[in-house]
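The primary structure of each chain is shown beneath.
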Amino acid sequence: MNALATQLPGLNLRNPIMPASGCFGFGQEYAKFYDLSVLGAIMIKATTEESRFGNPTPRVAETSSGMLNAIGLQNPGLAHVLEHELPWLEQHDVPIIANVAGSEVEDYVAVAREISQAPNVHALELNISCPNVKCGGIAFGTDPEIAAGLTRAVKEVSSVPVYVKLSPNVTNIVDIAKAVEQAGADGLTMINTLLGMRLHEKTGKPVLANKTGGLSGPAIKPVALRMIYEVYPQVSIPIIGMGGIQDAQDVIDFLSVGASAVAVGTANFVDPLVCPTIIEELPERLAELGYTSIEEVIGRAHR
Amino acid sequence: MNALATQLPGLNLRNPIMPASGCFGFGQEYAKFYDLSVLGAIMIKATTEESRFGNPTPRVAETSSGMLNAIGLQNPGLAHVLEHELPWLEQHDVPIIANVAGSEVEDYVAVAREISQAPNVHALELNISCPNVKCGGIAFGTDPEIAAGLTRAVKEVSSVPVYVKLSPNVTNIVDIAKAVEQAGADGLTMINTLLGMRLHEKTGKPVLANKTGGLSGPAIKPVALRMIYEVYPQVSIPIIGMGGIQDAQDVIDFLSVGASAVAVGTANFVDPLVCPTIIEELPERLAELGYTSIEEVIGRAHR
Amino acid sequence: MIHTGKMEIVRHKEIARDVFEMTVIGQHTTAMNQPGQFVHIKVSGHHEPLLRRPISICSIDQDTLEFTMIYRVDGRGTKLLSEKRPGDTIDVMGPLGNGFPVVATPDIHAWLIGGGIGVPPLYELAKRLSESGVKLTIVLGFQSADDVFYEEQFREFGETYVTTVDGSHGLGGFVTDQMALFEQKPAIYYSCGPHAMLHAVEKALPDVPGYLSYEQRMGCGIGACFACVCPTTTGGGDYVKVCSDGPVFPAGVIA
Amino acid sequence: MIHTGKMEIVRHKEIARDVFEMTVIGQHTTAMNQPGQFVHIKVSGHHEPLLRRPISICSIDQDTLEFTMIYRVDGRGTKLLSEKRPGDTIDVMGPLGNGFPVVATPDIHAWLIGGGIGVPPLYELAKRLSESGVKLTIVLGFQSADDVFYEEQFREFGETYVTTVDGSHGLGGFVTDQMALFEQKPAIYYSCGPHAMLHAVEKALPDVPGYLSYEQRMGCGIGACFACVCPTTTGGGDYVKVCSDGPVFPAGVIA
Ligand SMILES: Cc1cc2nc3c(=O)[nH]c(=O)nc-3n(C[C@H](O)[C@H](O)[C@H](O)COP(=O)(O)OP(=O)(O)OC[C@H]3O[C@@H](n4cnc5c(N)ncnc54)[C@H](O)[C@@H]3O)c2cc1C
Ligand SMILES: Cc1cc2nc3c(=O)[nH]c(=O)nc-3n(C[C@H](O)[C@H](O)[C@H](O)COP(=O)(O)OP(=O)(O)OC[C@H]3O[C@@H](n4cnc5c(N)ncnc54)[C@H](O)[C@@H]3O)c2cc1C
Ligand SMILES: Cc1cc2nc3c(=O)[nH]c(=O)nc-3n(C[C@H](O)[C@H](O)[C@H](O)COP(=O)(O)O)c2cc1C
Ligand SMILES: Cc1cc2nc3c(=O)[nH]c(=O)nc-3n(C[C@H](O)[C@H](O)[C@H](O)COP(=O)(O)O)c2cc1C
Ligand code: FES
Ligand code: FES
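Residue numbers (my numbering), protein chains in the order written: chain A, -5 to 297; chain B, -5 to 297; chain C, 3 to 257; chain D, 3 to 257.
It should be emphasised that the hints constitute simulated quantities derived from the structure, not laboratory data. None of the values given here were measured: they were computed from a predicted structure. Just so you know, not all the hints are guaranteed correct.
What the hints assert, rightly or not - Dumping the calculated DMTMM-like pairs for lysine to aspartate or glutamate here, alpha-carbon to alpha-carbon at most 25 Å:
#1 D:Lys15 x D:Asp93
#2 B:Lys196 x A:Glu274
#3 D:Lys81 x B:Glu278
#4 B:Lys196 x A:Glu150
#5 D:Lys8 x D:Asp65
#6 D:Lys81 x C:Asp76
#7 C:Lys8 x B:Asp241
#8 D:Lys205 x D:Asp247
#9 A:Lys196 x B:Glu278
#10 D:Lys86 x A:Asp265
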C-alpha cells in the first residue's frame, strides 16, 4: 500500500502534493526539471474564455517571508489551452485540475463546460478569489450567495467534480464554505492570496503597476491554517489546503488542520524541485511522527 | 521647527512614533531602557472595567516574519490603572492614548467615561478588534452598524477624542471605517492583528492554548499598507497606522499610504530601543528622500 | 542594568548530543551578579526568526568579562545559533529576571536538582554556594548517556549523581528516584528543569525551603507583554510573570 | 540543462562603489555556453528574503568550472550577497534565458553599449566576438567616476569609451552622446542597460541590426509565472517573457 495515496472526488491521488494554480504555468517549464508524473495532480494556470494579457508590469514584489503578485489572470485562452496545453500534458500520467476564471457567470460556465470534457481534466477549481482583476474574481468569493449561485451554474455544466477556491479576504470564511457546499461543490481549495501592497522606498508609490496584489508565501501560512481549521468541522466535503507550504512539515500541518491534500505555490519559484522533494521526504516525516498513512494525520488538530 | 511634529485630534505629537497597545504594558518596563518622554505618545495596554487574567498559556508562538499572540486582554482593571499606572506615567511628559476594551457596550462606556478624565489621557483607542476574547472584541469590529453604535455610545461619555481600532479580519474595511467616522470617531487606528494559527510540529495540536491568535509583525505589513491605502481617500479623519513596523523606512511607508502617525508593536520585543532609534533615524531618512517634514510624506502614495 | 547589543563569541562547541556550550565576551557581563538569571538572544541580524530566545546564564567570569551558556538545539532558532563561529557576534539582551538567592550559610546542606537543559543555571549557583561553604549534593537527570554534560564540572563542588531515563548512565529513572535514595533531607534545595520535574521535586520535599526555576514561552522578556504568566497557588486570578518576577520562584508559589 | 544547487564562492571583492565581483565554482558552469544568459540566486538558506535574484553571467571559464558575476548592492538581497565570504556557498539556478547570438563574421564592426550594471554581460560577449575577429567599439556609461568598473578589461578587446553622467570620468553625458561622436555606424550592435537607455540606443541606430538585453522583476525565472512579460511591438496583447524568451531580444521586438 502507498502511504501517501488519497482519494478525493474525481481525483485518485498517488500522493497529496500538487503545484498550485498560477505557480506552475501549464507544466512545460517544470518538466525540464523532473518527471511530472511523480506529482499527485497539477493545478494549471487560470483559464478564461478569451486569451488575456493581464496587468501591466511590475507584477511581483517581495515582502517579509512572502511575495505579492498581480499577474491578472494572464493566459492564452480556452481554445489554446484545449488545443495545446492539455494535449501536451497528456504525455504525463497525472490528473489535471483546471482552474477556471471569468468576469461573468456566463464566462465561468462556458470555460467549465468545455474544459471539463478534456480527457485529462479530472476536476475543476473555480477561481472565485483572484484579487487581481477588476471585475469578477474576488467579487464572487466574498458574498456567500453570489458564490453559491456561481457554483450551482458551473456544477450544472461540468462533467467533472468542482472544487471552489476560497478567498481569505473575508469576515467569515465558514459562511462562504457552507454556501458553496450547499450549492453542490465537491470540494474546497483554500486559501487564495491575501490582498496587500508594497511601496517603492524612495518614491512612496506602489511597486506593482496594479497597486495592490495577492500576498502568498510563508507569511500567510498562519492565516491559511486558521481558516482551514475553522472550515473543516463545518463542512463534509474535502479541502485542498495551500498558503506558504515549503516543506514536508508544512504539509503535515495543513493535513492536521483538516486538508486532505495540499497545493504548493510560491515555493516553486524558490526551488523548482520543491514538489518532488516534499513527495520524497513525506513518508520519512510521517514515519518519524509514528504514522503509516496520511489519512491518520488529516484533522488530527481537532482530535 | 520640528520636522517630526504633527497634530491629531487631542494629540500634540512631538513625533509620529508611539508604542502600540499591548506591546508596551503601561510603560514601566521600557522606562528602564530610555526616557519615555522622547516618544510621540504611548498607547497603553487594553483596560477593562474589571481586572482580567486573560487566556491560559502558551500565549505566544512564532511564525515566519511574525508572531501570534492570544494574551486575552490581561490587565489589572480600570481602578488599578487609574490609581497606579496612569499616575506613574504622569512623571513623563508624554500624552497617553488609553486602549479601551470590554464585552458589552456598557463595559466600554464605563471605562471610557472614567479613563478619559485622567489628566494625562489625551485620547481613547476603542479596541473593537481584539481577536483573542470570546465575546466582545472582534465582534464589534466586523459589523459596521455594531461598530458605529459602540462608537456613538463612547463618544457621548468621553472627555477626549476617540480613535477606533479597526480589525483587518473583514471583507470590506472601508465600510467599517466610514461607519465609525459617521458615528463620530475622531480618528482611526489600523490595523489590529490578523487571526492565525500555528501547530506543534509533533502533536499537530495548536501551540496556543487559545488555539487561534493574532498575527503581528513584518508578515502583515503588506496587508496593513493596503488597508490604509484603501481607507485614506474615503475618510476625512486621521489614521494612526501600524502592522509590522521595524524601522524608519517602514514609518515612511505607512505615512505614504496615508497614516498621520504610527504605532510600533511587536518590534519592541525584538529591540526594546526600537522606538527611540526610529525617532532618531527618521529626520535623516526624511532628508535623504528630500523632505523637510513628515506632513509632506503623508499620503504621497496617492499623489 | 539591562544591556542590549552585540557580544562576540569566543568559544563554541558541542558537549553532548545536540547540546552546545557557548562563551561570549562583552560589557553585558558586568551586570551579571546572580546565578539563575537569563539572557534573551536574537540569533539573526534580520527578522527571521523574529523573536528572541531565552537562555540561562551558566557561568560568569567577571575577570575576563565572559559568560557561558549551554543550550540544546531544539527548533530553528537554536539551530541557527549552533551554526555561529567564534568571532561572530550575537545580539544579547540581559541579564534578565531574578535568579537563585545564594543562601550563604556555611555548612548547611543544599540539594541542587537539574533536569536536561535545566542543568546549566545550577552551575554558577553551585560555584557560589560552594565558595560560601555550603555542602552540596547534586542530582542531574538526563534522557540517556549521550545527553549527559557537565557531570565532571559539578563534581568539583559536591557529590554528584546522574540519572538517565533509559538507565544508560548513572541510576535508571528520574531525579526523584535518586532523591528517594538519600537518607537525609537538605536544609534547602534549588531546582531547574521541565515543569513536570519541578512539580515532582516540590512534592518530594514538602517541608524544605526551595527555589525553582520555571520556563514559559516569552515575547518581550522584560514584563511588558503578559506572554509568560503563571497562575499562583493563591488562586483568584493571581499570577506572576516568569520573565520579570522569575524565572526563579520560592517553592509553593507557582500553581 | 538548468542546474540548481550550491556553488562555492572562490573570489569576491568590491571593484567600484557598491559594485562587487564574485566568482563561483561548480558543475553549473558546464552548461554555460552563451554570453548574456543569467542565473537566479538564492542569497540565504531560509525564506527571508524569499525570492531569488537574477544576475547576469559576466565571464565563463570552462577550464576551471568557474564563472563570474558583477552586481551592485541595491536592496536587501544584494546586501546579503555582498556579505558572503570565499568558501561560503550560494544556491544558484541556471544558466537561464537566451543570451546574445555571437555573430562571428571576421572583420565586421560591432558596437557594444553597456550602462551601469548592464555592463557585465557584455564582457563574455566581447571576449567571444573578439576571438572571432570581430572589431569592437565599446561604450560604457556610468553615473560617476566612482561607479566605473572593467574599463581596462574591456580595452583588451577593442576601443573602449567611458561616459559619466556627471562628467567626472570620460565624456560627460550618456552613452548615446558618445555614439553620436562616431562617424561610422557599425554592422551590428549589442546593448544592455536600463530600459530608457536601451530605447535611446535603439532609436539612435534605426537601420542597424542589434540585440538588446532587458530587465524585469521576476518570480520563477523560467517562464512559468508570467511575472516578467513585456508587450511586443506587434501589439494586440502579444508579449514575450524576459526570463525565458529573453533577456536578449533583437532590436524592434520590445514595445
Ligand atoms: C528562562 C528560560 C531559560 C532557558 N534556559 C535555557 C538554557 O539554558 N538552555 C536551553 O537549551 N534552553 C533554555 N531555555 C529553553 C529555550 O528558550 C528554548 O529551547 C528555545 O527558545 C527554543 O528555541 P528554538 O528556536 O530552538 O525553537 P522553536 O520551536 O523554533 O521556537 C519557537 C518559539 O517558541 C519558543 N520556545 C520554544 N521552546 C521553548 C521553551 N522550552 N521555553 C521557552 N520558549 C520556548 C522560542 O523562544 C520561540 O519563540 C530556557 C527557557 C526559559 C524560559
Ligand atoms: C536578466 C537580469 C539580469 C540582471 N543582471 C544583473 C547584473 O549582472 N548585475 C546586477 O547588479 N544586477 C543585475 N540585475 C538586476 C538585479 O536583479 C537587481 O538589482 C536585484 O534583483 C536587486 O535585488 P535586491 O535584493 O538588492 O533589491 P530589493 O529591492 O530588495 O529586491 C526586491 C525584489 O525586487 C527585485 N528587483 C529589484 N530590482 C530589480 C531589477 N532591477 N531587476 C529585476 N528585479 C529587481 C528583486 O529581484 C527582488 O525580487 C539583473 C536583472 C535581470 C532581470
Ligand atoms: C504568481 C502567482 C500567480 C497565481 N495565479 C493564480 C491563478 O491563476 N489562479 C488561482 O486560483 N490562484 C493563483 N495564485 C494563488 C495560488 O494558487 C495560491 O493559492 C497562493 O499563492 C497561496 O499559496 P502559496 O503561498 O503556496 O503560494 C497565484 C499565486 C501566485 C504567487
Ligand atoms: C502581545 C501583543 C498584545 C497586544 N495587545 C493588544 C491590546 O491589548 N489592545 C490592542 O488594541 N491591540 C493589541 N495588540 C495589537 C497591537 O497593538 C498591534 O495592532 C499589532 O500587533 C500590529 O502591530 P505590530 O505588527 O507592530 O505588532 C497586541 C499585539 C501583541 C503582539
Ligand atoms: S515575556 Fe513579556 S511579560 Fe514576560
Ligand atoms: S519570471 Fe516567471 S515567467 Fe518570467
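- Keeping to a limit of 25 Å between CA atoms, is the pair of B:Lys196 and A:Glu150 held or broken? Given pair B:Lys196, A:Glu150 is violated - Cα atoms ~43 Å apart, limit 25 Å.
- Sort out whether D:Asp93 lies within 25 Å of D:Lys15, counting only the CA atoms. holds, 19 Å
- Query: Straight-line Cα separation of D:Lys86 and A:Asp265 no greater than 25 Å?
  - Reply: holds, 21 Å
- Agreement of D:Lys81 and C:Asp76 with the hint, judged by alpha carbon distance not exceeding 25 Å: Roughly 30 Å separates the two Cα atoms, so the pair is violated.
- For the pair supplied as a hint, D:Lys205 and D:Asp247, confirm whether the alpha-carbon distance does not exceed 25 Å. Given that 25 Å is the threshold and the Cα spacing comes to 22 Å, the pair holds.
- For the pair supplied as a hint, A:Lys196 and B:Glu278, is the alpha-carbon distance within the 25 Å limit? holds, 13 Å
- Task: Starting from C:Lys8, check that the Cα of B:Asp241 is at most 25 Å away, please.
- Result: holds, 18 Å
- Item | Satisfaction of hint between D:Asp65 and D:Lys8, Cα-Cα up to 25 Å | holds, 19 Å
- Taken at face value, is the distance from the CA of B:Glu278 to the CA of D:Lys81 at most 25 Å? OK: D:Lys81 and B:Glu278 at ~21 Å, within 25 Å.
- Assess, step by step, whether the Cα of B:Lys196 is no farther than 25 Å from the Cα of A:Glu274, and give holds or violated. holds, 19 Å
Of the hints listed earlier, those the structure fails to meet are numbers 4, 6, in rising order.
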